[in-house]
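Going by our numbering, the first residue of the sequence shown is number 1, and it counts up by one from there.
Hints were generated in silico from the structure; no laboratory data involved. Each hint should be verified, as a subset may be incorrect.
[What the hints assert, rightly or not] Each computed DSSO-like pair below joins lysine-lysine, with the alpha-carbon atoms no more than 27 Å apart:
{"no.": "1", "residue 1": "Lys164", "residue 2": "Lys125"}
{"no.": "2", "residue 1": "Lys175", "residue 2": "Lys125"}
{"no.": "3", "residue 1": "Lys125", "residue 2": "Lys149"}
{"no.": "4", "residue 1": "Lys164", "residue 2": "Lys175"}
{"no.": "5", "residue 1": "Lys149", "residue 2": "Lys31"}
{"no.": "6", "residue 1": "Lys31", "residue 2": "Lys167"}
{"no.": "7", "residue 1": "Lys161", "residue 2": "Lys125"}
{"no.": "8", "residue 1": "Lys167", "residue 2": "Lys125"}
{"no.": "9", "residue 1": "Lys149", "residue 2": "Lys175"}
{"no.": "10", "residue 1": "Lys164", "residue 2": "Lys149"}
{"no.": "11", "residue 1": "Lys31", "residue 2": "Lys175"}
{"no.": "12", "residue 1": "Lys149", "residue 2": "Lys167"}
Bear in mind that the values here come from a model prediction, so they are computed numbers and not experimental data.
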Amino acid sequence: MLTKTIFSGFGGQGVLSMGYTLATAAMLEGKHVTYFPSYGVEVRGGTANCTVAVSDEEIASPVASEPEFVVAMNQPSFARFQSILQSGGLIFVNSSIVDVSSARGDIEIVAVPTSELAERIGTIKVANMIMLGAFIRLSNIISYDFMVKNLTDILGEGKAKLIKINKEALDLGYKYVRE
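Generate the whole structure from the sequences, applying the supplied hints.
Given below as structure tokens:
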């Protein structure tokens with residue numbers, strides 16, 4: 001089954017990292033994956049997004065014209081990408097900064113106050129991992145237990161010292177949408 005997701009937000013919010021982490025985890029699980037990043041010339045503070053396709057079979061195109069999922073970490077991303085989300089799709093939003101009052105009526109909104117939750121942990125830098133935890137819980141694209149067990153391999157040895165806080169952030173997002 002082919003599933004396409006767009007992760008989007010400002011550069012510096014970790015949206016490309018979110019997509020790359022999902023793609024790497026899915027690949028390590030033995031799935032076929034494409035990861036297609038796109039960002040403005042401004043990079044930090046500019047717009048950034050990536051498309052991640054995960055499938056049990058080979059993937060013909062990394063382009064997501066009607067993705068099943070969208071993650072919007074800021075208002076411009078919400079405005080831009082909700083329009084291409086397929087009817088009945090899920091859009092995950094950072095409800096700390098995204099106003100969803102202009103949402104389409106045929107999509108489901110998953111509001112996660114990632115900025116506020118990240119501040120509870122002690123750093124806004126893990127807001128993306130909180131959202132990724134919520135996304136994994138509701139999308140079922142990859143196994144959450146696999147992600148946590150293999151986080152060092154997924155993120156790479158260079159980030160080994162950050163594994164504990166990233167696990168805490170993933171867990172917080174996963175539990176937030178479960179409850």
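Hint check results:
no.	hint	result
1	Lys164 with Lys125	13 Å, holds
2	Lys175 with Lys125	19 Å, holds
3	Lys125 with Lys149	21 Å, holds
4	Lys164 with Lys175	16 Å, holds
5	Lys149 with Lys31	17 Å, holds
6	Lys31 with Lys167	22 Å, holds
7	Lys161 with Lys125	14 Å, holds
8	Lys167 with Lys125	13 Å, holds
9	Lys149 with Lys175	17 Å, holds
10	Lys164 with Lys149	12 Å, holds
11	Lys31 with Lys175	25 Å, holds
12	Lys149 with Lys167	9 Å, holds
Every hint, counting from the list given before, is met by this structure.
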